[in-house]
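Listed below are the residues making up each chain.
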Amino acid sequence: MALLRSTLVRHLVLLALGALALVLLTGSLSTFHNYELAGLGAYVCTAAGLTVLTGLNGQISLGHAALMAIGGYTVALLQIRFSDRAITGLWVLPLSLLAGAAVTGVAAAVVGVAAARLRGPYLAGVTLALGVALPALTSRFTSVFKGDQGLSVPFDPPPASLGANFAVERWQAWISLGAALIVLFFLANLNRSAIGRHFRAVRDDEVAAQLSGLSVPRVQILAFTVSGVAAGLGGGVFAVSLQTASPGSFDLTLSLALLSAVVIGGLGSLAGAVWGSIIVVYLGIVLRGFVDDLGLSAASAQKLHDNLPNAAFGLLLVLVMLILPGGIQGLLRRLAGVAPVDRLRRGRPEPFAAAIAQHSSSPPPSGGQQ
Amino acid sequence: MTELLEVEGLCAGYGAAPVLHDVDLRLAPGTITAVLGANGAGKTTLLRTLSGLLRPSAGRIDLTGRDLIGLPVERRVMLGVAHVPEGRGVIGELTVQENLRLGGLWRKGAGARRETDAAIAEVYDLFEPLARRRGYHGHQLSGGERQMLALGRALVARPKFLLLDEPSLGLAPVVAASIMALLRTLRDASGMAVLLVEQNVHSALAIADEGVVVSLGRVVARGKAADLQADEGLRHAYLGF
Amino acid sequence: MSRFIFLTFNGLSFGAVYAALALALVLIWRTTRVLNFAQGAMAVATAYVALSVSDWTGSYWIGFGAALAAGFVLGAVVERVAFRGADRMPPLNTIVIGVGLLILIEAVMGMLYGSANRGFPAAYSTRAYSVGSTALFSKQDVFTVGSVLVLMLVIAVLLTRTPQGLRMRAAAFAPEVARLLGVRVGRLLTLGWALSGLVGALAAMLVIPTGLGLFPQAMDGVFILGFTGAVVGGLESPVGAVVGGVLTGLALSYASGYIGSDITPLAALVLLVVVLLLRPTGLFSGSQVRRV
Ligand SMILES: Nc1ncnc2c1ncn2[C@@H]1O[C@H](COP(=O)(O)OP(=O)(O)OP(=O)(O)O)[C@@H](O)[C@H]1O
Ligand SMILES: [Mg+2]
Chain B
3 MALLRSTLVR
13 HLVLLALGAL
23 ALVLLTGSLS
33 TFHNYELAGL
43 GAYVCTAAGL
53 TVLTGLNGQI
63 SLGHAALMAI
73 GGYTVALLQI
83 RFSDRAITGL
93 WVLPLSLLAG
103 AAVTGVAAAV
113 VGVAAARLRG
123 PYLAGVTLAL
133 GVALPALTSR
143 FTSVFKGDQG
153 LSVPFDPPPA
163 SLGANFAVER
173 WQAWISLGAA
183 LIVLFFLANL
193 NRSAIGRHFR
203 AVRDDEVAAQ
213 LSGLSVPRVQ
223 ILAFTVSGVA
233 AGLGGGVFAV
243 SLQTASPGSF
253 DLTLSLALLS
263 AVVIGGLGSL
273 AGAVWGSIIV
283 VYLGIVLRGF
293 VDDLGLSAAS
303 AQKLHDNLPN
313 AAFGLLLVLV
323 MLILPGGIQG
333 LLRRLAGVAP
343 VDRLRRGRPE
353 PFAAAIAQHS
363 SSPPPSGGQQ
Chain E
135 MTELLEVEGL
145 CAGYGAAPVL
155 HDVDLRLAPG
165 TITAVLGANG
175 AGKTTLLRTL
185 SGLLRPSAGR
195 IDLTGRDLIG
205 LPVERRVMLG
215 VAHVPEGRGV
225 IGELTVQENL
235 RLGGLWRKGA
245 GARRETDAAI
255 AEVYDLFEPL
265 ARRRGYHGHQ
275 LSGGERQMLA
285 LGRALVARPK
295 FLLLDEPSLG
305 LAPVVAASIM
315 ALLRTLRDAS
325 GMAVLLVEQN
335 VHSALAIADE
345 GVVVSLGRVV
355 ARGKAADLQA
365 DEGLRHAYLG
375 F
Chain S
474 MSRFIFLTFN
484 GLSFGAVYAA
494 LALALVLIWR
504 TTRVLNFAQG
514 AMAVATAYVA
524 LSVSDWTGSY
534 WIGFGAALAA
544 GFVLGAVVER
554 VAFRGADRMP
564 PLNTIVIGVG
574 LLILIEAVMG
584 MLYGSANRGF
594 PAAYSTRAYS
604 VGSTALFSKQ
614 DVFTVGSVLV
624 LMLVIAVLLT
634 RTPQGLRMRA
644 AAFAPEVARL
654 LGVRVGRLLT
664 LGWALSGLVG
674 ALAAMLVIPT
684 GLGLFPQAMD
694 GVFILGFTGA
704 VVGGLESPVG
714 AVVGGVLTGL
724 ALSYASGYIG
734 SDITPLAALV
744 LLVVVLLLRP
754 TGLFSGSQVR
764 RV
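Protein chains in written order, with our numbering: chain B, 3 to 372; chain E, 135 to 375; chain S, 474 to 765.
Some clues are possibly wrong.
Here chain B is said to cover these stretches of chain S; the calculated rule only asks that three of the stretch's residues, wherever they fall, bring their Cβ under 8 Å from a Cβ of chain B [claimed, not checked]:
hint	stretch
1	559-566
2	569-580
3	584-591
4	685-695
5	739-751
Some residues of chain E that are not near chain S, with every Cβ distance over 12 Å (derived) [stated by the list, open to error]:
hint	residue
6	Glu-140
7	Met-314
8	Asp-343
9	Arg-356
In short, the hints are calculated from the structure, not lab data.
From the three backbone atoms N, C-alpha and C, an ideal C-beta is built for every residue, glycine too.
Between the sequences and the hints, there should be enough to build the whole structure, so can you do that?
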């Protein structure tokens with residue numbers, strides 16, 4: 003029992019259980035549902051990183067799809083090279099995905115350097131501009147990125163050892179959800195570590211964090227980098243699940259859907275990011291199915307089919323902020339009678355968290371730093 | 135009844151934290167009442183509750199027989215309440231003239247503009263330095279000039295009931311004294327009731343007719359200003375001299 | 474040289490639009506510390522109103538007027554419904570509410586009118602006058618700059634010369650003091666949002682006909698440029714917003730004219746980042762320090 007109390011072990015157990023559930027679940031679902039699950043995995047990866055950035059570190063991003071695009075295009079470019087040279091093997095795709103995550107992490111660090119000097123609406127505006135500008139680059143360098151049409155993402159079929167009837171969609175779901183589990187595992191441990199406490203300390207009170215010796219910009223850049231790695235991996239598996247990387251699949255709508263997911267689920271909570279992603283992905287599917295069953299004329303059905311899900315997310319976003327700023331996770335905690343730990347800031351600073359975190363990891367700062 | 139303002143059983147606070155407990159107050163027209171008390175006693179809270187910025191949890195506030203409870207600030211202004219807040223509240227981005235005009239903008243109807251202009255002219259007569267700085271922005275004024283502007287702006291409304299929160303704070307003694315003297319003149323000329331919060335107990339009691347001592351949100355003593363000043367025990371216990 | 478002249482006029486025309494949008498943002502930011510990310514979507518909605526009303530009445534100008542009126546009403550409604558109490562929220566929440574409205578409004582427009590790009594006629598000819606071989610500006614450009622100028626003058630007079638404007642400024646600078654002087658601050662905030670909605674509507678009515686077309690996301694890019702203009706001007710002053718908007722229009726006109734039109738979003742990003750990192754208080758703000 004004492005073993006279970008160790009966070010790492012508990013998270014490892016959860017990881018194994020998650021993997022088991024994934025294997026069982028994907029085995030019992032149709033190929034189409036597995037295809038949807040693959041998309042969900044990409045959302046979860048990215049939303050988990052975004053909730054760390056926005057919820058735990060207080061930095062908003064309205065352009066996370068741009069970071070996903072970097073991961074997706076990196077994976078596409080690498081996979082095309084591998085495929086051209088007929089290099090195959092079980093390690094090829096993981097290597098591309100890792101590279102995609104790493105490249106995105108570096109790019110996010112660069113964004114983070116600028117972001118560390120920006121606050122609130124300024125950061126929101128800049129990330130929004132980034133989210134619009136970056137996909138537009140693909141039409142500037144058509145020879146590399148193939149413009150609006152995008153790049154195809156070739157990858158090896160499922161290994162023969164899984165059986166001849168193992169569907170590609172099921173394989174894609176494994177890849178995507180596997181990546182999501184790994185991201186959740188790492189971020190959950192990060193949140194419990196000194197770094198996670200630093201993130202929260204900076205979010206809650208920058209001055210106090212600074213006075214206790216933390217470098218606020220460094221913490222903020224690190225948060226952006228971590229979030230970028232997750233988004234890069236999310237973008238990579240997204241490209242694999244779509245089998246293509248195109249500007250249209252990483253547009254502003256995706257950025258805003260990701261924000262919807264983390265806010266609806268409950269900012270700052272990884273479980274909330276999972277809830278939110280499930281809602282954003284499946285509410286869309288359910289609503290579209292609902293519209294299709296209404297038997298409307300083709301034109302109105304099309305209008306509703308394309309827009310009803312977004313209308314619902316937009317409305318949910320506003321309602322959650324006005325009525326339930328803790329999102330689903332906040333609601334669950336309240337129902338369970340647990341005091342909210344990491345809900346959206348409502349004047350509940352942890353002024354000493356930074357100091358405690360600092361003292362547990364390094365000697366106190368000398369002199370009166372400002 | 136002769137009272138201008140009657141307060142009974144007033145309780146107020148911030149959120150769940152109560153600050154004022156069961157405060158009673160009676161102000162006659164044409165009098166100055168000094169509110170005295172240590173830092174944090176609840177003086178500002180009392181003024182904010184009377185002017186409507188803060189909603190009381192219990193009690194009654196009657197102005198010339200009219201119940202003020204539940205009326206928003208703007209309505210109370212129309213009924214003749216003027217509150218010069220702690221820190222004066224001069225709007226730095228607006229000019230002296232604009233600050234003064236703002237003091238009369240609550241007036242509606244035909245003669246509103248004329249009455250406000252007349253009141254502004256009186257204020258300029260009263261405070262010479264302001265007249266010479268009509269076009270200055272609030273943030274370009276000295277502390278004393280700001281206090282004149284804040285007081286003048288309240289007077290533009292020609293209030294029946296004037297609440298002043300530490301008007302002499304940060305002013306040179308001469309300037310503070312002249313403002314105090316002015317309050318006396320105004321009281322005699324206009325018949326308004328003044329509720330004056332002051333840290334400077336001597337000068338406040340010197341010009342006041344009545345005095346109220348507040349401690350921990352309760353009125354612990356009240357009486358003629360002269361009597362309070364003479365009461366040795368009170369002076370030691372609450373007024374610190 | 475002739476290209477430069479054309480690009481300058483072109484930049485002034487677009488700059489007028491960005492200036493209007495920047496002004497719309499600043500009017501609200503100054504009073505409520507909300508940066509309204511739904512500003513562009515609200516403006517698109519008013520353009521759809523113009524489309525329907527014009528179809529209905531057969532008159533372009535009635536539609537135009539209806540768009541401005543719709544902007545005024547929509548601004549007020551948005552403030553009352555979604556941003557009442559914004560002053561007590563963390564900045565993050567108000568941003569998210571704005572984004573939620575952005576998604577919602579664009580989706581509702583899509584449900585009502587479809588996602589396709591609808592042509593939207595300009596009030597006047599968009600063919601440029603030319604002198605010799607040098608193209609200068611079109612009638613529509615003159616109308617754009619002229620109508621933005623007129624609206625700005627009206628707003629300037631309203632704010633600085635009328636009692637209501639004095640109340641609005643007082644409510645913006647010092648809400649509590651304003652209340653103590655009898656100003657109904659809540660109502661004036663609503664009025665500020667309504668005005669801002671109207672200014673945004675004008676921007677949409679001017680920019681949508683010039684090559685953009687009308688579709689639910691039509692103003693997304695324009696919003697970013699208006700935001701850039703507001704930031705260049707320092708976000709605090711209406712005059713700064715206008716100058717910032719015009720400068721943004723010029724800078725982007727030169728960039729897209731000399732480098733390529735697909736560079737516009739990137740150029741906006743670069744301009745935004747450079748201004749924020751080098752002059753975080755904007756090019757025109759006074760000495761007061763701003764934490765961005
Ligand atoms: N906005 C607020 N929220 C919560 N508590 C408050 C607030 N303002 C004042 N208080 C508390 O109410 C009590 C009375 O404050 P108040 O400002 O009325 O005192 P005061 O008598 O005016 O003091 P001073 O002489 O320092 O101005 C204090 O304990 C103070 O901490
Ligand atoms: Mg006080």
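Now the hints, each set against the structure:
Note: the stretch 559-566 of chain S has 5 residues with beta-carbon separation from chain B under 8 Å; the three-residue rule is met and the coverage holds. Proximity of the stretch 569-580 of chain S to chain B, defined as three or more residues with a beta carbon under 8 Å from a beta carbon of that chain, is established by the 11 residues found. With 5 residues bearing a CB less than 8 Å from a CB of chain B, the stretch 584-591 of chain S meets the requirement of three and the coverage assertion stands. With 4 residues carrying a beta carbon less than 8 Å from a beta carbon of chain B, the stretch 685-695 of chain S meets the three-residue requirement, and the given coverage holds.
Figure legend: the stretch 739-751 of chain S, annotated as covered by chain B; annotation consistent (7 residues with Cβ-Cβ distances under 8 Å, at least 3 required). Even its closest Cβ contact with chain S, about 22 Å, leaves E/Glu-140 beyond 12 Å, as expected for a residue assigned away from the interface. With a closest Cβ-Cβ approach of about 22 Å to chain S, E/Met-314 is found to remain outside the 12 Å limit, as its non-interface label requires. No beta-carbon of chain S is positioned within 12 Å of the beta-carbon of E/Asp-343; the least distance is around 25 Å.
Look at E/Arg-356: its CB is around 26 Å from the nearest CB on chain S, clear of 12 Å, so calling it non-interface holds up.
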